[in-house]
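**Student:** Sequence:
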Amino acid sequence: MLTIDMENWPRRDIYRFYNGLDYPHFNICAEIDITRLHRQCRQSGISRFNGVLYGVSRIANEIEEFRQRIRAEQVIQHQVVHPSYT
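Take 1 as the starting number for the sequence shown in the numbering used here and just add one per residue.
Bear in mind the hints are in silico, worked out from the structure with no lab data behind them. Idealized CB from N, CA, C, for every residue including glycine. Be aware that one or more of the hints could be misleading.
Between beta-carbon pairs, the in silico distance windows are [unchecked claim]:
| no. | residue 1 | residue 2 | range |
| --- | --- | --- | --- |
| 1 | ARG39 | ARG71 | 35 to 43 Å |
| 2 | ASP22 | ALA72 | 16 to 24 Å |
| 3 | ALA72 | ILE34 | 35 to 43 Å |
| 4 | HIS78 | ASN8 | 14 to 22 Å |
| 5 | ARG12 | GLU62 | 20 to 28 Å |
| 6 | GLU73 | HIS38 | 38 to 46 Å |
| 7 | ARG12 | SER44 | 38 to 46 Å |
| 8 | THR3 | ARG42 | 40 to 48 Å |
| 9 | PHE17 | GLY55 | 38 to 46 Å |
| 10 | VAL56 | LEU21 | 23 to 31 Å |
| 11 | PHE26 | HIS78 | 16 to 24 Å |
| 12 | GLY45 | ARG12 | 45 to 53 Å |
| 13 | SER84 | LEU2 | 30 to 38 Å |
Kindly generate the complete structure, drawing on both the sequences and the hints.
**Tutor:** Put into structure tokens, the structure is as follows:
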């Protein structure tokens, strides 16, 4: 786990803006083409659901910002995150 140096962090101003909101969360929705994923899952014998879970987990771990969390007013970056799904 890495503690982010807030004074030199390029996202500092964005963090401070969102951290000052009553509910500092947002959602993103988009249509995506999963034709290749569907074909690969079918060929591999796994469900599309499990294929999507794998893809989301993999991307979440490849992008540094997706591994960052706020803990006690400090931003930390995990080496690995384990998303939970509902």
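**Student:** Checking each numbered hint in turn, tell me which of them this model violates, lowest number first.
**Tutor:** Result: hints 9 and 13 break, sorted rising.
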